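Visitor: What follows is each chain in one-letter form.
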Amino acid sequence: MIERKIINSIKRKISKEFPEFKGVEPKVTEKKIGPQDKIYRKLSLGVPKYFKQIYRLKFKKVVKTVDNITMERILNVTLDDQGEIIKITQSR
Amino acid sequence: MSGKKALQKAIDDTNKVEKAVNFFIKTKRDYDIEFLYHDRPNKFKVKPVKRKALSIRNFLLKIEKKWGDVDFLLLLGGDNVIPFFRLENPCDDGDETVLSDNPYASKDDDFLIPDRVCARIPDNQDANFIIKLLRKSHKNTRQAFGITAKVWREASENVYRQIGNLKDLKVSPPITSDKFKPQWLQNKDFLYFNLHGTKVSANWYGQDNEDYPVALRPQNIIDASGLATSEACYGAYIIKKSHQDAMVLKFLSQDGIYGFCGSTTISYGPVSPPSTEADLLAKYFFEYIKQGLTIGESLKNAKIDFARKALRRHGFLDDDDQKTLLQFVLYGDPTLRMRHRVKE
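Just so you know, the sequences run in chain order A and B. Residue 4 is where the first sequence starts when you use the working numbering, and the numbers rise one by one after that. Residue -11 is where the second sequence starts when you use the working numbering, and the numbers rise one by one after that.
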């Protein structure tokens, strides 16, 4: 499992860069991704034989719009097996 | 393709639509087109099937075996007529399933990558709504409009530069529906929206920190024109909706709007460049349209390029990538094309 200090460092980064998610505790998941042979074959690409391990930190929050509509906001941070950020995405 | 029984139920009388379809076929001389009801006997002698997504897809695959490759597929009707597939949601979010037309576009059991063009003309429970969409054509204006939530400005600029000048990209806030000028949407080739959306409200929203103002209401859409593309969550969600409570149907009800590309469920995008997820798909979609491909081919190719790019970047398609490929749908005639150059 991912080290606690990495999670804490990402929480600090998210609080700073996305203040709307400050104080939100992320749900941490670990995923092993197989070679996805079918997709590679369909795209006529050589199939890699290795598995990749990634971690996902999901920050979720419910907000209200100005016209009082409830909206779920999600911010996902994807990390590689070394704990380096691969990407940050938000729900639209 | 449509379903006679369900279409009849949705719009009462199918005669007018059938006439419009026949006219559509006559005008598309570059294409060899057949119009089929999945629940009626057909010239290929393929057994009619009931209104179930998987059965309809199998019906199509059997037709293809007898007729040859189907390169373009146009589904006539909303979810009540030709159901969306309810696919397992790869993401851990509020959607139980992902509403998708991808399996109709795929010839094998991998639904992420399309093999053919697939688009849909929703019915909006009105025969004239369908007929109007079958008769649409495009007049080039070389103009574009775009609006983004303030928090995604940089990311949106990376997409919008494909179709317009960055100085013209509107930002919400400060733009809100009260300040929105309907003429911004008029006489355009492209309309681009990178705003928040929800399942329950017709409105789309901007964002600045914790402020979520209404950026666009259906009432702001008057005489809009062009091809509309929205990254909003549920931007293309049409189930039990009409032009009065769904932005997508309001757009498609306009005389000048000939297509809409959007997401049926919760969608994702980056906060800043490089473009990923919905931003990347929209970017590729615009690139292909500008090259002169049909809007249907443009979305198909955009999905293929999107998958290649994700695989090159990370070696795999993650949950968000997979959901993006499944959830984006095209409404309108997929054979329409335009030539658009950004005005200097």
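These are computed hints drawn from the structure, not numbers from a lab. Since this is a predicted model, take the numbers as computed values, not measurements. Take the hints with a grain of salt, since some may be wrong.
Computed footprint of chain B on chain A; a stretch qualifies when at least three of its residues, placed anywhere within it, have a C-beta under 8 Å from a C-beta of chain B [to be verified]: (1) 4 to 17; (2) 41 to 50; (3) 54 to 68.
Which residues of chain A face chain B? A partial, calculated answer using Cβ under 8 Å [stated by the list, open to error]: (4) 26; (5) 27; (6) 31; (7) 33; (8) 36; (9) 91; (10) 92; (11) 93; (12) 94.
Every residue gets a Cβ at the ideal spot worked out from N, C-alpha and C, and that includes glycine.
Visitor: Can we keep the residue 26 of chain A interface hint, with Cβ of chain B closer than 8 Å?
Guide: 12 Å, violated
Visitor: State whether the coverage of the region 4 to 17 of chain A by chain B holds or is violated, taking the criterion as 3 or more residues with Cβ-Cβ distances under 8 Å.
Guide: Coverage by chain B is violated here, the residue count being 0 at a Cβ distance below 8 Å.
Visitor: Regarding the hint that residue 27 of chain A lies at the interface with chain B, is the smallest CB-CB distance below 8 Å?
Guide: Interface hint status for residue 27 of chain A: violated (12 Å vs cutoff 8 Å).
Visitor: Please verify that hint: residue 93 of chain A, Cβ, nearest Cβ of chain B, below 8 Å or not.
Guide: For residue 93 of chain A, the interface hint holds, since the closest Cβ of chain B sits about 6 Å away, which is under 8 Å.
Visitor: Should the hint that residue 92 of chain A touches chain B count as held when the rule is a Cβ pair under 8 Å?
Guide: With Cβ-Cβ at 4 Å, under 8 Å, it holds.
Visitor: With a cut-off of 8 Å, does the beta carbon of residue 36 of chain A approach a beta carbon of chain B closely enough for the hint to hold?
Guide: 5 Å, holds
Visitor: Per the CB criterion, is residue 91 of chain A less than 8 Å away from chain B?
Guide: 6 Å, holds
Visitor: Closer than 8 Å, Cβ to Cβ, for at least three residues: run that test on the region 41 to 50 of chain A against chain B and report holds or violated.
Guide: Three-residue rule met by the region 41 to 50 of chain A, so holds; n is 6.
Visitor: For the restraint on residue 33 of chain A, tell me whether the closest CB of chain B is nearer than 8 Å.
Guide: Status violated, d = 13 Å.
Visitor: Taking the closest Cβ pair, is residue 31 of chain A under 8 Å from chain B?
Guide: 11 Å, violated
Visitor: The region 54 to 68 of chain A covered by chain B? Criterion: 3 or more residues, Cβ-Cβ distance below 8 Å.
Guide: holds (count 7)
Visitor: Hint residue 94 of chain A vs chain B: min CB-CB distance below 8 Å?
Guide: Holds, about 5 Å.
The structure fails to meet hints 1, 4, 5, 6, 7 from the earlier list, while all remaining hints are met.
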